[in-house]
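Each chain, letter by letter, is given below.
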Amino acid sequence: MTYKYFLGCVIPGRLPYLEASARKTFEKLGMKVGDQANYSCCPDPTGAGQLDHLTWLALGARNLCLFEESNSNILSLCSGCTETLKAVKYSLEKDNKLKEEINSKLNSIGKKYKGNVEVKHFAQVLYENIDSIKKKVKKPLKDLKVASHPGCHYLRPSEIMQWDDPLVPKTLDELIEAIGADPVDYSLKIDCCGNPVEKSNKDISLLMLENKLKSMKDAGTDCIACVCPACYQQFEFNQKEVNKNSNTNYNFPVFYITELIALAFGMNAEEIGLKYHRVKTDEILQKIS
Amino acid sequence: MQMVNFDFKNEIIKEDFSLNYCYQCGTCSSICPVAFASEGEYNPRKIIEESLMGLKSLLIKEQKPNIWLCSTCQMCVEECPQEVFLTGIFESLKNKIVQTGEKYPEAFKVQAKAIIDNGVAISLSPPIIRRRKELKLPNVESADRIELKNLLKATNFEKKININGDR
Ligand code: SF4
Ligand code: SF4
Numbered sequence: 023m024t025y026k027y028f029l030g031c032v033i034p035g036r037l038p039y040l041e042a043s044a045r046k047t048f049e050k051l052g053m054k055v056g057d058q059a060n061y062s063c064c065p066d067p068t069g070a071g072q073l074d075h076l077t078w079l080a081l082g083a084r085n086l087c088l089f090e091e092s093n094s095n096i097l098s099l100c101s102g103c104t105e106t107l108k109a110v111k112y113s114l115e116k117d118n119k120l121k122e123e124i125n126s127k128l129n130s131i132g133k134k135y136k137g138n139v140e141v142k143h144f145a146q147v148l149y150e151n152i153d154s155i156k157k158k159v160k161k162p163l164k165d166l167k168v169a170s171h172p173g174c175h176y177l178r179p180s181e182i183m184q185w186d187d188p189l190v191p192k193t194l195d196e197l198i199e200a201i202g203a204d205p206v207d208y209s210l211k212i213d214c215c216g217n218p219v220e221k222s223n224k225d226i227s228l229l230m231l232e233n234k235l236k237s238m239k240d241a242g243t244d245c246i247a248c249v250c251p252a253c254y255q256q257f258e259f260n261q262k263e264v265n266k267n268s269n270t271n272y273n274f275p276v277f278y279i280t281e282l283i284a285l286a287f288g289m290n291a292e293e294i295g296l297k298y299h300r301v302k303t304d305e306i307l308q309k310i311s
Numbered sequence: 005m006q007m008v009n010f011d012f013k014n015e016i017i018k019e020d021f022s023l024n025y026c027y028q029c030g031t032c033s034s035i036c037p038v039a040f041a042s043e044g045e046y047n048p049r050k051i052i053e054e055s056l057m058g059l060k061s062l063l064i065k066e067q068k069p070n071i072w073l074c075s076t077c078q079m080c081v082e083e084c085p086q087e088v089f090l091t092g093i094f095e096s097l098k099n100k101i102v103q104t105g106e107k108y109p110e111a112f113k114v115q116a117k118a119i120i121d122n123g124v125a126i127s128l129s130p131p132i133i134r135r136r137k138e139l140k141l142p143n144v145e146s147a148d149r150i151e152l153k154n155l156l157k158a159t160n161f162e163k164k165i166n167i168n169g170d171r
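Order-wise, the sequence lines are chains X and W.
Everything in the first sequence is counted per the numbering used here, starting at 23 for the first residue and increasing by one.
Everything in the second sequence is counted per the numbering used here, starting at 5 for the first residue and increasing by one.
By construction, these hints were calculated from the structure, which means they are not laboratory data.
Take these hints with a grain of salt, some might be off.
Straight-line distance between alpha carbons at most 30 Å, and here's what the computed DSSO-like set of lysine-lysine pairs gives [what the hints assert, rightly or not]:
1) X:K302 to W:K153
2) X:K111 to W:K137
3) X:K116 to W:K13
4) X:K121 to W:K13
5) X:K142 to W:K163
6) X:K26 to W:K13
7) X:K224 to W:K137
8) W:K113 to X:K134
9) W:K164 to X:K262
10) X:K133 to W:K163
11) W:K100 to X:K119
12) X:K224 to W:K60
13) W:K153 to X:K111
14) W:K117 to X:K26
15) X:K136 to W:K164
16) W:K100 to X:K121
17) X:K133 to W:K100
Chain W extracted, bound-state conformation (with noise of 0.2 Å):
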């Protein structure tokens, strides 16, 4: 039987104390269509579960179930009994992976840093700016660079998610 990891725990508790509230009823699970098409390999009442243990090295390291395969449609979080905000403990924890240098999505860093180079996910090509004119649509005018590059180093971005995958 596994031990309780208080120190983990409470670590995800001080980030949202409605992890508390579960009482394991499944209802998350049962309405989750992430769940549904994985045929239950995704299952975020086991990720609340295993938050409640603390079991930082399954849901860090090992990553069972998948926490990336949530897709924030929110329906567990507008139907749990108990008010928890499952995508607030789930983003909390990703962010923790990230941050601690554990393996995420590529998909997720290609964004990030089409953010950090652009200041969007996605940026205009020269047959989207032709169909733009086509369509007599006004110009783009994009964000400025100098800004967002200095909002974030402030939030020291590009460092806590391990762009260059160097740590």
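If we strip away everything but chain X, and leave its shape as in the complex, we get (with noise of 0.2 Å):
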């Protein structure tokens, strides 16, 4: 099966860094992505459909069939773009007459939906290829606690999602175990971090970034791993308006997956950007050594 990427706009626009880690790891497990040219924003699940869905399943069709026509497969490295691009492909195959109605749209501008485009999440072919990443490790993260965040959009709806369980998720922690760290338990795990009410209300996504860092806390953590880039957005660049709102001092490490298995890989913090990380990851590096 060929993959190509599906960026989406926040990892390349805002967070290059994570994108060299996601590349470089599949990189060392021998997986050839490509790349796909002239593809837009999904568009957002939590955004545009929210004000006009025919447009979201447009453009998110669109995006589909520009994959389509090269005959690959989509590898996302965002859950928001995972979940509007299986979201979209499951409303068309499901009711006929709006797949008619969407490629009437897209018949505007020469393109057909068919439909034969399979949409992965990275996490999710990471875990896939779990075997080869055990054997691939040559720096386990010995002793380091990780508190994964899957995030809702990797899991739910599960209908759509069809993915690890949408309410007990299991892969990133086995993923995490599998470069040799402790994946921690704690009571929010399957919580969201707030990000999207940022739109809305700036307090209220601020308190429940701060209760998922109590219950992460508690759980005694070192860092916190995530594989969406509005969630690692969130929690590397707003522990610091929560500690302002609520005179708390959080200061974890965040980190994409893909950057500790590429460090657990044997590659360099400057080969992967860590430098550009807000909250320091030097204890970290440390602690690994």
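From the two separate chains plus the hints, produce the assembled complex.
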């Protein structure tokens, strides 16, 4: 099966170092993942679709078409994009009339959606290759306590996502174990980080983040592992805001799971751009060296 | 006591029939992280109740509870014993709010405008382009603007969402 990357907007436009770690990880696993030109915003499942469902379907279907035309499947680096692309595919598969309606819109740009494209979240592809990950580990991240944050759109709605358990997810923790680290069990693991609420109420968004951070802290974690750029930004950039609002002192280093895997594969901090992190990662690097 | 507005209720049900199955158990609100963080100010069960009653003015004009607070985390959808597709219902209500010209949060407009203008929610800035070079990442080719413009015209996006506030 051949894959091409769907990078989305946030990763290439704001967090390119996360992209670097993902590309290097897949390279190391011996997987050739191509690049696709011309795709647009997925569009954001928490944004554009809330304004007009039809436009969301049409833009999403156009993106699916591009990959379909080049006979490749989608490897998405973002949970939001994954959910949109999977949900659009699901909706058009379920409802032929809707598919015809969307195709009549796509016709205006000379495209037609057929339905022959698979969409996968990068963490799913990693999990499917967990045995070769284990084999490639050079520097197990021994004694590192990692709180995984699956995030919402990696899991739910399960009828559409068809991946992992929506309420008791295990894939990320198994990946963390595979690289020799200790997954941390914490009570709010499946809760939302609060990022989408920032669009309507920043204070509530920060309270949601604070609830998560507290739960992680109580469980004694050293750092946080994410698989979605929206969640990543919420944890990485907004811990400070929580501290300001609530007089707390959260300062957890936040990683994309591909960064941790790259480190365990023996790549160095420079190669994957760890210096771009806002919350410094030095202590973690020391701990695992 | 408020009377049921069947016309509006049926309008919502036309979008998603699962609304009918709600028996108001409150599971959705009890597991909703936004309801928890807002101490009940946000309340998905209540929005569903108002939908069952067809209370158009509360839902669309006054927006009480504030439907824009939903994080779309899909916990309610996962846990509802009646398989009510809450987020689908909320999405069609938000579409109605936007497309009847009622107020909605600015951040949604900003994102929509970015998509209309550039095809992406976040464009690559010069410092990010430099950073990509440093990291030896390939160029990102942006989407064909004319193609996108034509598609958005076909779905009538700009007009529908009242982006310039001229309604
Ligand atoms: S959980 Fe389902 S049935 Fe119960 S109140 Fe919420 S929508 Fe209604
Ligand atoms: S999807 Fe919205 S209403 Fe449902 S649980 Fe999440 S935040 Fe609450």
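Next pair to validate is K164 (chain W) with K262 (chain X); report whether the Cα-Cα distance is within 30 Å. Given pair K164 (chain W), K262 (chain X) is violated - Cα atoms ~38 Å apart, limit 30 Å.
K153 (chain W) and K111 (chain X) were given as a pair; does the straight-line alpha-carbon distance stay at or below 30 Å? holds (22 Å)
Holds or violated: K100 (chain W) to K119 (chain X), with C-alpha atoms at most 30 Å apart: Distance of about 22 Å is within 30 Å: holds.
Between K133 (chain X) and K163 (chain W), does the CA-CA distance stay at or below 30 Å? holds (23 Å)
For the pair we were handed, K224 (chain X) and K60 (chain W), check the Cα-Cα distance against 30 Å. holds (27 Å)
Could you grab the alpha-carbon distance between K133 (chain X) and K100 (chain W) and see if it respects the 30 Å cut-off? holds (29 Å)
Given pair status - K164 (chain W), K136 (chain X), alpha carbons within 30 Å: holds (27 Å)
For the pair we were handed, K100 (chain W) and K121 (chain X), check the Cα-Cα distance against 30 Å. holds (22 Å)
Quickly compare the C-alpha distance for K224 (chain X) and K137 (chain W) to 30 Å and report which way the hint goes. violated (34 Å)
Run the distance test for K121 (chain X) versus K13 (chain W): straight-line Cα separation, threshold 30 Å. Given that 30 Å is the threshold and the Cα spacing comes to 26 Å, the pair holds.
Satisfaction of hint between K13 (chain W) and K116 (chain X), Cα-Cα up to 30 Å: holds (24 Å)
Given the hint that K113 (chain W) pairs with K134 (chain X), does the C-alpha gap stay at or below 30 Å? holds (29 Å)
Hints 1, 2, 5, 6, 7, 9 from the list above are not met by this structure, while the remaining hints are.
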